[in-house]
Amino acid sequence: MGLPDLLSKDKAKADKLPPLLHAAELIKSGKAKKVAVLAGAGISTSAGIPDFRSPGTGLYDNLQALDLPYPEAVFDVNYFEVRPEPFWTLAKDLYPGKYYPTPTHYFLALLHARGVLQRVWTQNIDTLETAAGVPEDLVLEAHGSFRNAHCLRCSRPSSTEHVVSSGVRHGHVVRCSHNSCNGLVKPDIVFFGEGLPDDFFRLQRELRDCDLLIVLGTSLQVMPFAGLVNAVGSDVPRVLINREAVGAFARLKHNKSKGRDHLYQGDTDEAARIIARELGWEEELDKLIEDGRKELEKTWKEREGLAKAKGEKGAKGTAGKKEEAKKAAETKAEDKVSPAAKKDDVQPAGKDKKDAKPDADKDVDALADAVAKVEVSPKPKV
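In terms of the UniProt record's numbering, the sequence shown opens at residue 1 and continues consecutively.
Please note that a few of the clues may not be correct.
Said to hold, decoys possible - Here are the simulated EDC-like cross-link-like pairs (lysine to aspartate or glutamate), alpha carbons at most 16 angstroms apart as the crow flies: (1) Lys-98 with Glu-302; (2) Lys-34 with Glu-206; (3) Lys-31 with Asp-211; (4) Lys-98 with Glu-297; (5) Lys-34 with Asp-209; (6) Lys-98 with Glu-161; (7) Lys-34 with Asp-211; (8) Lys-28 with Asp-211.
What the hints assert, rightly or not - Each pair of labels, with its calculated beta carbon distance range: (9) Ser-177 with Arg-277: 47 to 53 angstroms; (10) Cys-154 with Asn-230: 38 to 44 angstroms; (11) Lys-33 with Leu-152: 39 to 45 angstroms; (12) Asn-78 with Phe-201: 22 to 28 angstroms; (13) Arg-205 with Tyr-70: 34 to 40 angstroms; (14) Leu-203 with Thr-299: 26 to 32 angstroms; (15) Pro-18 with Leu-66: 32 to 38 angstroms; (16) Asp-67 with Glu-283: 28 to 34 angstroms.
Calculated directly from the structure, the hints in this document are not laboratory data. All of these numbers come straight from a predicted model, not from anything done at the bench. Think of the CB as a built atom: it goes at the ideal place given N, C-alpha and C, for glycine as much as any other residue.
Full structure from sequences and hints, please.
Structure (structure tokens):
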């Protein structure tokens, strides 16, 4: 590659930066102290979680093998009640604890640590925002999450342990363990046909007070989430970081800015690192990622240890019960008295009570004689 090509490549890369540099400058100058973030599936793809609509790699494409009437049926509450198996097949791959947060997730945690994050509004159900260190009360999970689950029949909550052990590890359907309910258990994810959380509507008013909106990795196709970009003040800068120009940013092409809107067309992890570098936060971001992953690995290992110990305890308990049952059976067999022994031990009818041995010593001797005659009854012939 010649010098002109290198210069051309560097210029193309430099041309992409202004939207990110603009966002960094707003934060650095103190003009942006309340940064609101709208996040979609694109921020989790580098963690290994497929998004919904990427051709050949999206979740909907992968679920075609499950013989669904239409791809979205996997998240249709009415379909789930009739055929929950496809959802739990998907849940096996999506359940929290299997994936590391991405650099983008840790960048959001860094915004919080620096005191400039107003709130993260996420479409994702993977809980990776909180796993990276963003406080739960600053994450609005618009479409719910795997954090909690409940029974569709009795409405009782179902423990995370039950959901994981009964279904997620193996992709099996999870059912209510309360008494004899046996109803379908569903994670508190918003399915088609269900309403969004009350907080989604209650907290929208705070978007009017944000001074910078960053939109990350979302197609902005699903309402009412897509409408949040218009909930901010009319003069608030809006930056879209995505592989394509979408929604209210569709008129922007190839990393252009127009008025208050700015587009960075590319990878969210790359963009997060560029902004962090411009702010002088890159080392801090790297440390967050390193420490965060170590802490997660420690947590996962502890959980695996507890699960293993519980499994071993259960196995020992089963073996112990079998041994107790065996001993009980042997004791019961030994307690059986032969007919001959019973005959010798029973006082003949009509015998006068005065003929019985008068003192305790004789009673003990008689009892000893009877015990000596006890033997296990022979196994009956079939």
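Now for the hints, and whether the structure bears them out:
1. Proximity of Lys-98 to Glu-302 is assessed by CA-CA distance (about 14 angstroms); at most 16 angstroms being required, the pair is judged to hold.
2. The hinted pair formed by Lys-34 and Glu-206 meets the criterion: a straight-line CA distance of about 10 angstroms does not exceed 16 angstroms.
3. Only pairs whose Cα atoms come within 16 angstroms are accepted, and Lys-31 paired with Asp-211 is accepted, the gap being roughly 7 angstroms.
4. At roughly 10 angstroms between alpha-carbon atoms, Lys-98 and Glu-297 fall within 16 angstroms of each other, so this suggested pair holds.
5. Restraint check for Lys-34 and Asp-209: the C-alpha separation of about 8 angstroms stays at or below 16 angstroms, so the hint holds.
6. Between Lys-98 and Glu-161 the alpha-carbon distance is near 15 angstroms, which keeps this suggested pair within the 16 angstroms criterion.
7. Between Lys-34 and Asp-211 the CA atoms are separated by roughly 6 angstroms; this keeps the pair inside 16 angstroms, and the hint holds.
8. With a CA separation close to 13 angstroms, the supplied pair Lys-28 and Asp-211 stays within the 16 angstroms bound.
9. Ser-177 and Arg-277 have their C-beta atoms about 50 angstroms apart, which keeps the hinted 47 to 53 angstroms range intact.
10. The supplied range of 38 to 44 angstroms is met by Cys-154 and Asn-230, whose beta-carbon atoms lie about 40 angstroms from each other.
11. At about 43 angstroms, the beta-carbon gap between Lys-33 and Leu-152 stays in the expected band of 39 to 45 angstroms.
12. About 24 angstroms separates the C-beta atoms of Asn-78 and Phe-201, a value consistent with the hinted range of 22 to 28 angstroms.
13. At about 36 angstroms, the beta-carbon gap between Arg-205 and Tyr-70 stays in the expected band of 34 to 40 angstroms.
14. Roughly 29 angstroms separates the CB atoms of Leu-203 and Thr-299, a value that falls within the hinted 26 to 32 angstroms.
15. Take Pro-18 and Leu-66: their Cβ atoms lie about 44 angstroms apart, and the range 32 to 38 angstroms is violated.
16. For Asp-67 paired with Glu-283, a C-beta distance near 50 angstroms fails the hint of 28 to 34 angstroms.
In terms of the numbered hints stated before, the structure departs from hints 15, 16, listed from lowest to highest.
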